[in-house]
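Keeping their order, the protein sequence lines are chains S and H. The numbering of the first sequence is my numbering, which starts it at 1 and goes up by one. The numbering of the second sequence is my numbering, which starts it at 1 and goes up by one.
Keep in mind that the hints were calculated from the coordinates and are not lab data. Among these hints, one or two may not hold up.
[Unchecked claim] In the BS3-like style, the derived pairs of lysine-lysine whose C-alpha atoms are separated by at most 27 Å in a straight line are:
(1) LYS39/S <-> LYS381/H
(2) LYS170/S <-> LYS39/S
(3) LYS554/H <-> LYS510/H
(4) LYS170/S <-> LYS381/H
(5) LYS170/S <-> LYS84/S
(6) LYS586/H <-> LYS533/H
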Amino acid sequence: MSRTIRFAPLALLLLIIVALIWRLATPSDTNVHSTLEGKAVPAFALSAILPNKPPLSSADLANGQPHLVNVFASWCVPCITEVKVLQTLKDSGVSVEGIAIRDRPADLTQFLASNGDPYDRIGSDPQSQVQISLGSSGVPESFIVDGKGVIRYQHIGPIERSDIGLILSKLEQAR
Amino acid sequence: MIAEAGLAALWLAAGLAALQFVLMVLSLRIQFDGARSMRSIAVVQGLLTLVAFAMLLIVFARSDMSVALVFENSSAVKPFIYKVAGAWGNHEGSMLMWVTILAIAGAFVALLAHRTSERTLVAALGAQAVLALGFYAFLLFASNPFARLWPAPPDGQGLNPLLQDPGLAFHPPTLYLGYVGLSVAFSLAVGALLTGEVDSRLARAMRPWVLGAWILLTLGITAGSYWAYYELGWGGYWFWDPVENASLMPWLAATALLHSINVLAARGALKAWTMMLAVIAFSMSMVGTFLVRSGILTSVHAFAIDPERGTFLLALLAIYVGAAFILFAVRGATLKEGAPFELVSRESGLVVNNLILSIVLGVVFVGTLYPLFVEAVSGEKLSVGAPYFNAVAGPLALILAALVGVGPLLAWRRERRPVFGQLTIPALLGTSALVITIVLWPGMHILPRLGFTVAAYLVAASILPLVNRNPFRAPLATWGMVVAHFGIAIALLGMAANAAFTSERLAIAKPGDTLTVGPWLVLLNDVTPTAGKNWTAVEAELRATRGANVVTLKPQTRYFSDPPAETNESAIRTFWNGQLYTVVGKPDASGAWQLRLWWKPFVTLIWAGGVLIALGGALALLGRLWRLFWRRRADADWHRERYA
Numbered sequence: 001m002s003r004t005i006r007f008a009p010l011a012l013l014l015l016i017i018v019a020l021i022w023r024l025a026t027p028s029d030t031n032v033h034s035t036l037e038g039k040a041v042p043a044f045a046l047s048a049i050l051p052n053k054p055p056l057s058s059a060d061l062a063n064g065q066p067h068l069v070n071v072f073a074s075w076c077v078p079c080i081t082e083v084k085v086l087q088t089l090k091d092s093g094v095s096v097e098g099i100a101i102r103d104r105p106a107d108l109t110q111f112l113a114s115n116g117d118p119y120d121r122i123g124s125d126p127q128s129q130v131q132i133s134l135g136s137s138g139v140p141e142s143f144i145v146d147g148k149g150v151i152r153y154q155h156i157g158p159i160e161r162s163d164i165g166l167i168l169s170k171l172e173q174a175r
Numbered sequence: 001m002i003a004e005a006g007l008a009a010l011w012l013a014a015g016l017a018a019l020q021f022v023l024m025v026l027s028l029r030i031q032f033d034g035a036r037s038m039r040s041i042a043v044v045q046g047l048l049t050l051v052a053f054a055m056l057l058i059v060f061a062r063s064d065m066s067v068a069l070v071f072e073n074s075s076a077v078k079p080f081i082y083k084v085a086g087a088w089g090n091h092e093g094s095m096l097m098w099v100t101i102l103a104i105a106g107a108f109v110a111l112l113a114h115r116t117s118e119r120t121l122v123a124a125l126g127a128q129a130v131l132a133l134g135f136y137a138f139l140l141f142a143s144n145p146f147a148r149l150w151p152a153p154p155d156g157q158g159l160n161p162l163l164q165d166p167g168l169a170f171h172p173p174t175l176y177l178g179y180v181g182l183s184v185a186f187s188l189a190v191g192a193l194l195t196g197e198v199d200s201r202l203a204r205a206m207r208p209w210v211l212g213a214w215i216l217l218t219l220g221i222t223a224g225s226y227w228a229y230y231e232l233g234w235g236g237y238w239f240w241d242p243v244e245n246a247s248l249m250p251w252l253a254a255t256a257l258l259h260s261i262n263v264l265a266a267r268g269a270l271k272a273w274t275m276m277l278a279v280i281a282f283s284m285s286m287v288g289t290f291l292v293r294s295g296i297l298t299s300v301h302a303f304a305i306d307p308e309r310g311t312f313l314l315a316l317l318a319i320y321v322g323a324a325f326i327l328f329a330v331r332g333a334t335l336k337e338g339a340p341f342e343l344v345s346r347e348s349g350l351v352v353n354n355l356i357l358s359i360v361l362g363v364v365f366v367g368t369l370y371p372l373f374v375e376a377v378s379g380e381k382l383s384v385g386a387p388y389f390n391a392v393a394g395p396l397a398l399i400l401a402a403l404v405g406v407g408p409l410l411a412w413r414r415e416r417r418p419v420f421g422q423l424t425i426p427a428l429l430g431t432s433a434l435v436i437t438i439v440l441w442p443g444m445h446i447l448p449r450l451g452f453t454v455a456a457y458l459v460a461a462s463i464l465p466l467v468n469r470n471p472f473r474a475p476l477a478t479w480g481m482v483v484a485h486f487g488i489a490i491a492l493l494g495m496a497a498n499a500a501f502t503s504e505r506l507a508i509a510k511p512g513d514t515l516t517v518g519p520w521l522v523l524l525n526d527v528t529p530t531a532g533k534n535w536t537a538v539e540a541e542l543r544a545t546r547g548a549n550v551v552t553l554k555p556q557t558r559y560f561s562d563p564p565a566e567t568n569e570s571a572i573r574t575f576w577n578g579q580l581y582t583v584v585g586k587p588d589a590s591g592a593w594q595l596r597l598w599w600k601p602f603v604t605l606i607w608a609g610g611v612l613i614a615l616g617g618a619l620a621l622l623g624r625l626w627r628l629f630w631r632r633r634a635d636a637d638w639h640r641e642r643y644a
């Protein structure tokens with residue numbers, strides 16, 4: 001058996017050890033990054049779900065101002081706590097838009113009455129079509145869209161109180 | 001006091017391991033006969049770790065909350081069996097169990113190994129001591145299981161509810177026994193490389209350990225596969241998950257070793273290769289432990305994660321495997337290859353077996369670690385899934401299974417007879433299976449079609465070694481081989497049937513709706529809420545009918561509150577010709593329920609095959625040990641008569 005072959009396993013082992021050390025030193029980033037970040041919002045025009053609330057279309061988002069688009073539903077339990085955080089954001093001057101997923105007007109009215117209503121506009125997405133085109137796989141999720149209608153950030157799961165700083169800084173960057 | 005006694009026993013054992021290593025160096029370097037003392041030290045060391053482990057069991061059984069480990073992993077109200085099993089249901093306890101098994105194995109090597117030369121035994125016991133020392137250091141400095149809490153809290157924090165399963169009480173011990181068996185093969189190989197005495201005596205000493213480890217790993221993989229099948233509710237038996245691969249890799253290496261060791265034992269050939277495999281088999285089990293413990297690859301076993309401990313394990317892995325590879329590189333050249341053999345012979349058959357198994361091992365290894373390398377080099381994230389593994393490993397496995405029928409028929413050294421004549425009936429069976437599948441199911445995918453072909457051929461070919469002779473006079477080891485190879489055919493049949501004939505139905509149904517899946521008519525009778533000790537659930541009642549056959553299945557979706565988790569409890573009914581597998585999901589707004597129904601013809605053959613393979617191993621082990629026992633008895637008798 002030649003010398004090179006006999007040392008091959010050792011070389012292979014070293015290579016693997018180096019890769020494993022690298023992985024231990026730089027833990028993998030477990031955050032999910034949307035592939036739509038940096039791309040324009042897909043065109044949509046949702047109808048209104050409540051009589052007193054204007055509907056939402058992609059054109060409404062490209063009006064020069066950054067927006068926080070919240071994908072939510074009245075039947076979603078984490079959304080109850082999230083909507084209060086959204087109210088805080090709204091109070092500090094953020095424009096919050098909602099996309100209601102598979103919702104019913106009566107349920108939604110009840111939800112907003114008991115938990116607060118931070119939304120400027122709410123579009124109804126009864127078949128999740130817009131939700132899917134946005135690359136959102138559940139509720140709640142939120143998108144930060146800049147004034148040109150380009151998605152800058154996707155937040156998966158509810159926005160907690162501890163996320164307020166993050167969201168505000170992302171909105172600032174999108175300005 | 002009990003915890004302190006355990007800790008003291010552990011320190012003493014570590015001291016003895018160090019002494020054992022020093023004695024090995026002295027024995028090999030200068031003219032010093034340390035063999036006798038090393039044997040006794042190995043035995044005492046085994047007993048001491050046993051004491052330490054018993055102390056841990058006692059503090060867990062008594063729910064002594066002043067011990068930090070008990071507080072963190074147990075609670076006073078747990079069922080007794082889980083209190084005791086809780087002792088190894090955590091990192092520290094499981095590492096203590098691992099060194100205990102390792103040290104006891106070392107004691108048995110010292111007591112039983114009369115087959116190798118004294119020098120090789122000394123070197124192997126020294127290597128075993130070094131292995132143990134690393135893990136003692138790990139326990140004593142980085143994960144002390146006996147650390148105290150002051151003041152003692154009134155009750156513990158409990159065990160992860162997912163781990164409260166009888167299977168999980170036995171899963172780690174089985175796996176560790178398998179890994180430790182491979183560690184003995186590793187130590188013997190290192191010892192033999194040190195002394196240069198790589199011969200058939202060494203192979204015969206190593207064989208029972210490899211065989212025992214291989215049986216346990218086979219059972220572990222079979223059981224793990226069935227667990228994933230019924231517990232995860234996805235209806236699959238193998239997902240190529242990194243942790244599954246981590247258990248498959250040592251098994252593949254051990255399977256190759258098991259075959260090459262026979263060549264070394266019978267013919268004294270394949271010396272360097274067999275030593276290499278012995279090193280690799282144990283390395284793979286350490287890689288597996290590392291992957292699971294460090295959590296660097298995302299998987300269902302994510303509860304065992306701890307990066308710091310991962311670093312320690314990686315250091316041990318690098319030292320042990322690196323040292324063994326260096327030794328191999330330096331000493332490998334001095335190994336003289338044994339008896340020559342010709343192209344058509346049992347030996348070359350086993351070489352081909354080893355080559356294919358090694359390629360499959362390489363394929364699984366590369367697939368498991370490839371995402372890591374890609375991310376290290378280019379920063380790109382990707383995952384390697386079933387399509388790669390099935391496409392690459394599947395055909396290789398089929399070729400190997402086809403050759404399994406031929407290999408055992410070949411004679412050692414040189415085959416003169418026309419072997420293929422014996423394979424007429426198996427070949428006819430295989431061809432008819434191929435023709436039948438082409439005629440009846442022209443649309444079948446190529447892999448299951450070939451799977452049926454090879455399985456039908458192998459069912460007959462595997463039993464040929466018992467034909468043309470009196471099967472009751474054949475050695476048990478031959479029976480073991482035949483049963484294991486027959487098991488491969490059975491498992492292959494199950495896999496092919498599952499791949500080709502599974503009917504799946506995913507539907508939204510309201511109570512009163514009827515669905516068809518395969519030959520079954522399934523009526524969703526009702527959905528009711530129900531509750532258990534720490535969960536609530538919705539339970540569907542399904543009435544399935546096939547002809548006169550009527551069965552009721554009750555799948556559930558369970559919601560655990562603490563910690564919040566949701567599990568699908570599938571309902572499975574087994575029949576002689578398949579399994580009906582049902583899962584209930586979430587309701588939609590209109591009050592209809594998601595149902596997933598599968599009819600899986602002959603799927604149980606997969607695990608039956610796995611059990612047969614392990615059983616074959618057990619028969620072979622029994623045969624080897626039986627022979628060893630009688631030979632030793634005969635020697636003793638001969639001695640008595642001669643010197644009486």
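Exercise for the section: Check each numbered hint from earlier against the structure, then list the numbers of those it violates in ascending order. Expected result: No hint contradicted; all consistent.
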